[in-house]
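Enquirer: Construct the complete structure from the given sequences, taking the supplied hints into account.
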Amino acid sequence: MSENYNDNKIIQAQSSETVSAGGSGATPDIDYVRPAEVLEQDLYHGHSFITKWVFCQDAKVIGIQYFLLATFTGIIGLILSWLMRLQLGYPELAGFMTAEHYYQFVTMHGMIMVVYFLTALFLGGFGNYLIPLMTGARDMVFPYVNMVSFWMFFVAVMVLMASFFVPGGPTGAGWTLYPPQAILEGTPGSGMGIILMLVSLVLFVIGFTMGGLNYLITVLQSRTRGMTLMRLPLSVWGIFTATILAMLAFPALLVGGLMLVLDTILGTSFFMPTILKAGEVLEYGGGSPILFQHLFWFFGHPEVYIVALPAFGIVSDLISVHARKNIFGYRMMVWAIVAIGGLSFFVWAHHMYVSGMNPWFGFFFASTTLIIAVPTAMKVYNWILTLWRGNIRMNVVMLWCLGFILTFVNGGITGLFLGNVTVDVPLSDTYFVIAHFHMVMGIAPLMVIMGAVYHWFPLVSGRMLSEKLGKWHFWVTFLGAYSIYFPMHYLGFIGVPRRYFEMYDSPYVTSAVGMNEFISMAAFLVGAAQFILIYNIIKSLKTGKLAGKNPWKANSLEWFTPTVPPEHGNWGNKLPIVYRWPYDYSVPGAKEDFIPQTTPPSKVSDTEVEKT
Amino acid sequence: MHAGIIFFLVVLGSILFHIFTPWYWTDIASNWGSMDDTITLTFWVGGVVFITVCLFMIYCVFKFSYKEERRAEYKPEDNKLEKILTIATTLGVIALLAPGLIIWNQFVNVPKNAIEIDVMAWQWGWQYRLPGEDGKLGNTKVVNINDNNPFGIILDDPNGKDDVLIQSEEINLQNNRPVKILLRSVDVLHNWYVPQFRAKMDAVPGVVTFYWFEPNKVGEYEVLCAEYCGVGHYAMRGSVLVKDEQDYKNWLQEQETFSELVAKQKKIEFSETKLAKK
Ligand code: HEM
Ligand SMILES: [Cu+2]
Ligand SMILES: [Cu+2]
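Protein chains in written order, with our numbering: chain A, 1 to 612; chain B, 1 to 278.
These are calculated hints, taken from the structure and not from any lab test. Any given hint could be a false lead.
In silico EDC-like pairs for lysine to aspartate or glutamate, Cα to Cα no more than 16 angstroms straight-line [unchecked claim]:
#1 A/Lys591 - B/Glu256
#2 B/Lys75 - A/Asp593
#3 B/Lys75 - A/Glu608
#4 B/Lys141 - A/Asp593
#5 A/Lys591 - B/Glu170
#6 A/Lys553 - B/Asp157
#7 B/Lys67 - A/Glu608
#8 A/Lys52 - A/Glu37
#9 B/Lys67 - A/Glu185
#10 A/Lys591 - B/Glu73
#11 A/Lys277 - B/Asp247
#12 A/Lys277 - A/Glu185
#13 B/Lys217 - B/Asp247
#14 B/Lys243 - B/Glu269
#15 B/Lys161 - B/Glu133
Expert: Structure below.
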């Protein structure tokens, strides 16, 4: 049955194409697109509630599932950050919190935000939803594996959450999980807590690998006719490259995690040297704690870009659509993404300048780290040059993009401090680092996520989000987050170390009490503002303005499905054919200020399209 | 429109905050003023970039916001502009990196006349050991550590006998004399950090790590642990007294050496390799 079904589709597709081209006269040569090389995919259509919404194989539903579960963990991470800020700003109100609690909260907050929230959201959420739609595929290439991927993530999250309830509580080893401390008494959750954390990470990596294979192969193999690599929207480029990074980086975390589990359970000594505790020599010996740090950061640094690259890609598309202008220097943008991705594997030890590794490494890693600043800066220039002489809609989506540029540039510049070995020495392990990475990989990507939510909500739901609520949400979040993290750098200059439950009355930091209170107030406000979004979503789902097709007048394929929201299989019975890149905005001579990717050249023959 | 104004105020506010902030680095008390200088340099270069990019963005918001009848410019690429920007950025990066690396070179090369200090860390505290007359520290081993040999000195290492042991979280340093801090830990990672000296390094169990500085201001400073080491991390403090030569020598005289400790305790003897308990 399936083969016939596929054959039919191809024939249908070809014939309808000739018909439509024939309508406007003879088939123009300029509209020629190479025929498809592979048969169309045969999809499993769910029939029951369970197969349609629970164990669903439709990438769009999987994407939404990822999105919701990641958001759930993100809210937990947010609540933990509130508790920490309560302790730091108003310790007298946080009497219930012990140092153990604080360290458990720090750890779970950090790990949740980086891995279970941002990574899952960008790759699992946006990756699943956008890749097939933007490349003109019917679905991911391995829908079943894709479904399993989400459920592995689900189990990983459950295991992680379970660690809150085991004896000893979750691990308080810091999100970096450095041994020996992570598995020794003296660190909260050094028994069950750390084991569950590692098991959960292993499950996450396995699940993620299943999803990742899908994203990669779908981009490489399932693009529709005419969708060359250099016609892919930058969102896809960002997610694609980030996935490659993840596939190469997560194995380092996996082996590091497994070896650490063995050190915990079996008493091996991969990372454990001879250790004296409470007057007794433990039965470990010969291992290297620094080895773990190398493994961790070989994963950990690319991880930063696993979060950043999709954000880079998505924000490029959002800026271009809402500035009604092609993204400036598309090829440069693609190469910058690829170059940043490649270089990101050669900079990991900039997190280890004061770790006790051979200090001569500093020369190498400082150089590579500052080199990576060049392609990154190019991307920033190209975003603002895209605004130049654009026709900028100052809507909520654009506000998030502008907020992103400002916070990202700010965080990128503090990265120049920390990357440049010498400058890192005084600042490393202080609040300067906390401020830097929250700005650059916490707040900046978050701004993009928010922009993306406002941008694609009409596609996912068929309705618009309220602009008015959106503006409140943006301004409170942006101004609030900036007032949390901008002053925080200066705490780092004073010398306040990170991961400090309490400062006591250190002679030189007592002046920082006022600032800590202010930061905490801002943090409560920013957290609370996120509920505006949740309210907006719930309200708009019911009563939002109907979006119709392509409300933003965008060019990329996802807006050209026959139904909105798109159905399983995305394209009805005819796959789209792509004739151009997705950035033909405001082309001179064109009637409208946008030319969709599906518009053949013959339809817009009197325009001066430069790049296709 | 309003948006542009608010973004502008954010940039302006950042600049004003930086100029008028009462929170800035603590007065330096070591030779690493050059680290502060590189920070200042990075502030200038980075600050100029931040301000320029943001102002450009804000200008665009004012100048090019949406008008129904207007069309955006259509210009996919501009090779010349992209080339200029790449080169300018590369030059800026080199300007930051070069001084950074030069100072790093000083940081990793310890001056010959530096006094070595063994800083031993554990959960959660510090103690210190100074070389005796011979100017050399004896070798140590974690398994040797016990009440009678608190530093785990190898007994048949002649260099260890005259080592000065300071079983306290407080150490004195001689003003204007470089010190090489040799860090070791008996359990987990720690980091001996005095903000006023700027420099820091992790103590890693199993290996000895080092860094150096030269204190140049008499006074008392707080030591903070700067690498997470478990629940007691935030409370793992110590203190440093920087003294002039004479005061320092007086203090040093009063400290106990390893052989004095052994003689006092009468529990172990130097002749044997392993600890022999009487
Ligand atoms: C407004 C939202 C947020 C607030 C108020 C907040 C607050 C904090 C605080 C107070 C700490 C602990 C600092 C310390 O004691 O060392 C922390 C650590 C951390 N945060 Fe956030 N955070 C927020 C959002 C995020 C986001 C979005 C990310 C994602 C990248 C993130 C990642 C981390 C990481 C990785 C750590 C380090 C954990 C560790 O030291 O092991 N945070 N955050
Ligand atoms: Cu990094
Ligand atoms: Cu510590």
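Enquirer: It remains to establish, for every hint, whether it holds in the given structure.
Expert: Verification of the supplied hints:
1. A/Lys591 - B/Glu256: Given that 16 angstroms is the threshold and the Cα spacing comes to 91 angstroms, the pair is violated.
2. B/Lys75 - A/Asp593: Roughly 14 angstroms between the alpha carbons, so the hint for B/Lys75 and A/Asp593 holds.
3. B/Lys75 - A/Glu608: At roughly 11 angstroms apart (the allowed maximum being 16 angstroms), A/Glu608 and B/Lys75 satisfy the hint.
4. B/Lys141 - A/Asp593: violated, 75 angstroms
5. A/Lys591 - B/Glu170: violated, 79 angstroms
6. A/Lys553 - B/Asp157: violated, 80 angstroms
7. B/Lys67 - A/Glu608: violated, 22 angstroms
8. A/Lys52 - A/Glu37: The given pair, whose Cα atoms are some 30 angstroms apart, is violated under the 16 angstroms limit.
9. B/Lys67 - A/Glu185: violated, 65 angstroms
10. A/Lys591 - B/Glu73: Distance of about 15 angstroms is within 16 angstroms: holds.
11. A/Lys277 - B/Asp247: Measuring from Cα to Cα gives roughly 36 angstroms; hence the hint is violated.
12. A/Lys277 - A/Glu185: Roughly 9 angstroms separates the two Cα atoms, so the pair holds.
13. B/Lys217 - B/Asp247: Distance ~14 angstroms between B/Lys217 and B/Asp247 Cα, so the pair holds.
14. B/Lys243 - B/Glu269: Not OK: B/Lys243 and B/Glu269 at ~35 angstroms, beyond 16 angstroms, violated.
15. B/Lys161 - B/Glu133: holds, 10 angstroms
Going through the hint list in order, the structure does not satisfy hints 1, 4, 5, 6, 7, 8, 9, 11 and 14.
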